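Asks: Just so you know, the sequences run in chain order V and X.
In terms of numbering that gives the first Met the number 0, the first sequence is residues 0 to 228.
In terms of numbering that gives the first Met the number 0, the second sequence is residues 0 to 318.
Do not rely on the hints blindly, as some may be mistaken.
If you anchor each label on the Cβ, the simulated ranges turn out as follows [as the list claims (entries may be wrong)]:
#1 V:Ala71 <-> X:Tyr205: 28 to 34 angstroms
#2 X:Glu214 <-> V:Ala71: 48 to 54 angstroms
#3 V:Asp63 <-> X:Gly206: 29 to 35 angstroms
#4 X:Thr295 <-> V:Pro44: 26 to 32 angstroms
#5 X:Thr81 <-> V:Gly102: 51 to 57 angstroms
Read the hints as simulated data drawn from the structure, not as lab findings.
Because the structure is a prediction, the values reported are computed rather than measured.
Ideal Cβ positions, reconstructed from N, Cα and C, are used throughout, including at glycine.
Read off the chains here:
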Amino acid sequence: MDAASAEISFVPASDQSLLLQVGTEITPAAGALVAKLVRALEQQPFDGMRDLNPAYCSLLVKFDGLRLTHAAVEASLRALFAHASEIESIAVQKVEIPVLYGGEFGPDLDDVAALHGLTPAEVVRLHSEAEYTVSFLGFVPGFAYLGGLSDSIATPRLPSPRKRVPPGSVAIGGNQTGVYPFPTPGGWRIIGRTPLAMFEADRDPPSLLGIGDRVRFVPITEKEVEPWR
Amino acid sequence: MAVIQVQSPGLQTTVQDLGRHGYGPLGVSPSGAADPLSLRIGNRLLGNPESAAAVEMTLMGGAYLFPDGATAALTGSNFDATLDGQPIEMWTAFAIRPGQVLKLPHTRTGARCYLCVHGGVVVPMLLGSASTHLLSGLGGVEGRALRKGDVLTIGAESSRRNGRVDPRFLSALVPGRTLTDTVANLLRVTTGPQAQRFSASSESFYGGLYTVTEEANRTGIRLEGPPIEDPAKGHMITEGVCLGAIQVPAGGQPIILHVEQQTAGGYPKIANIIAADLASLGQLRPRDSIRFSPVTLETAIALLREQEQFLQSEEWILE
Numbered sequence: 000m001d002a003a004s005a006e007i008s009f010v011p012a013s014d015q016s017l018l019l020q021v022g023t024e025i026t027p028a029a030g031a032l033v034a035k036l037v038r039a040l041e042q043q044p045f046d047g048m049r050d051l052n053p054a055y056c057s058l059l060v061k062f063d064g065l066r067l068t069h070a071a072v073e074a075s076l077r078a079l080f081a082h083a084s085e086i087e088s089i090a091v092q093k094v095e096i097p098v099l100y101g102g103e104f105g106p107d108l109d110d111v112a113a114l115h116g117l118t119p120a121e122v123v124r125l126h127s128e129a130e131y132t133v134s135f136l137g138f139v140p141g142f143a144y145l146g147g148l149s150d151s152i153a154t155p156r157l158p159s160p161r162k163r164v165p166p167g168s169v170a171i172g173g174n175q176t177g178v179y180p181f182p183t184p185g186g187w188r189i190i191g192r193t194p195l196a197m198f199e200a201d202r203d204p205p206s207l208l209g210i211g212d213r214v215r216f217v218p219i220t221e222k223e224v225e226p227w228r
Numbered sequence: 000m001a002v003i004q005v006q007s008p009g010l011q012t013t014v015q016d017l018g019r020h021g022y023g024p025l026g027v028s029p030s031g032a033a034d035p036l037s038l039r040i041g042n043r044l045l046g047n048p049e050s051a052a053a054v055e056m057t058l059m060g061g062a063y064l065f066p067d068g069a070t071a072a073l074t075g076s077n078f079d080a081t082l083d084g085q086p087i088e089m090w091t092a093f094a095i096r097p098g099q100v101l102k103l104p105h106t107r108t109g110a111r112c113y114l115c116v117h118g119g120v121v122v123p124m125l126l127g128s129a130s131t132h133l134l135s136g137l138g139g140v141e142g143r144a145l146r147k148g149d150v151l152t153i154g155a156e157s158s159r160r161n162g163r164v165d166p167r168f169l170s171a172l173v174p175g176r177t178l179t180d181t182v183a184n185l186l187r188v189t190t191g192p193q194a195q196r197f198s199a200s201s202e203s204f205y206g207g208l209y210t211v212t213e214e215a216n217r218t219g220i221r222l223e224g225p226p227i228e229d230p231a232k233g234h235m236i237t238e239g240v241c242l243g244a245i246q247v248p249a250g251g252q253p254i255i256l257h258v259e260q261q262t263a264g265g266y267p268k269i270a271n272i273i274a275a276d277l278a279s280l281g282q283l284r285p286r287d288s289i290r291f292s293p294v295t296l297e298t299a300i301a302l303l304r305e306q307e308q309f310l311q312s313e314e315w316i317l318e
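All chains, please: the whole structure from these sequences, using the hints.
Replies: Here is the structure:
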């Protein structure tokens, strides 16, 4: 999707925020466009801009309502959008995430396999051979919603969420996958764990993943985890 | 360096400033004081920068020893504070002598009290803010609520003001909260991004009385009242959300997103609390009744401008 073919619309979300919607469905092109707009606005924020909350095919733009009207914000976003094709494609990182699949680190791996009539090893293969794209970060700091999961292992969330998911848990929720950065409640099915820190406040940038990044999961053995402990 | 020793931490006491803005793309919601207006007033009474960090207490305040003394002000909800047993006036700067203990038992109205000190509370800054984000365990003191034995550092005393709020202006400074003693707290709202699909239910939403449930915290405030019917049965694509959004999950009982909200959510939103009433939102407590009143975007901004101009005029401060 380029700027010419994309349908964008605007709706006020609150007195100091405007929701920009790109089309009405989740597509890789809409996601790429949202990522592009986020990077462009981060590099050149307009006066009075406060924050950006991207999602699959939308971008919530928060601003100072005492300095800007919704109409003014919409105008600057439309102007940016009109030149979207000129915005340089964002520099995406390719990130490899080592994962210890199954066992105590992936308590739901066997269930996920059984639900699809697969072996746990096949689930691991399908999960680790795909390349994923970071749709956006949300839920908690550093939690990346990853698109690109094989339909063969897409699995509904747990009927009732766990109260505490260990940080680093690699999980499947519907047709998405992701890594829990913090010990939080969570309803996705946990198939493994990574020793990587997804979010560290004193790191720059603090989040391992950014919007638009490409991600691969690499199976590792317990022996390989030792040095991380 | 002067410190505050936590003798007893109350129910949920955290260090907060005006929040961490600009990190939404990393999934970081702003957090910050649930009642930012009270924090700003407290800091202005002391001559601090209005974003200086303070101690936010919830329903029960706890006890705090000041081994080196301090100058402080209490704003927000009245927790019946005493200093070495003597009652302390709210909204007024007061001196604490070395070794004195400030006790804040609990509140009967409202939810949050702010303990502001000359120089502010100093914790390591994280992404430009001192605010605690409890859900992710970031910011403030080790990302958590205060515990017995914690020691907070008080900043260098660059400020010297000892003001108090002119009682005549108190009600003007705390809009919404003045209605606490009548039937309901009034929260003004503008329409949310999915308001249209709720047009059939708007009468019950705007005419109804909603009660704050026990599930009310810094992440969200769950309400109970006339159910709001969603003809689209909750179906929508997850999108960015903001403070004060009123989500309608399946079942129709609304949830107001609070300061530690997720940056994105998949529930439709019927309305959003206006910026000028967000401070009142931070003072809601379980069993409070609330009503929603619709205003236009223009009115919402006019009310915010009025509030800001009055705050900045400082005509409400008596030295």
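Asks: Quick check on a hinted range of 48 to 54 angstroms for glutamate 214 (chain X) and alanine 71 (chain V), using CB atoms only.
Replies: The hint (48 to 54 angstroms, Cβ to Cβ) is violated, given that glutamate 214 (chain X) and alanine 71 (chain V) are roughly 38 angstroms apart.
Asks: For threonine 81 (chain X) and glycine 102 (chain V), compare the CB-CB distance with the range 51 to 57 angstroms and indicate the outcome.
Replies: The hint (51 to 57 angstroms, Cβ to Cβ) holds, given that threonine 81 (chain X) and glycine 102 (chain V) are roughly 56 angstroms apart.
Asks: Is 28 to 34 angstroms a correct range for the gap between the Cβ atoms of alanine 71 (chain V) and tyrosine 205 (chain X)?
Replies: Between alanine 71 (chain V) and tyrosine 205 (chain X), where Cβ atoms are some 29 angstroms apart, the hint holds.
Asks: Could you tell me whether the CB distance from aspartate 63 (chain V) to glycine 206 (chain X) stays inside 29 to 35 angstroms?
Replies: holds (33 angstroms)
Asks: Starting from the range 26 to 32 angstroms, see whether the pair threonine 295 (chain X) and proline 44 (chain V) falls in it by beta-carbon distance.
Replies: holds (27 angstroms)
In summary, the one numbered hint that this structure violates is 2.
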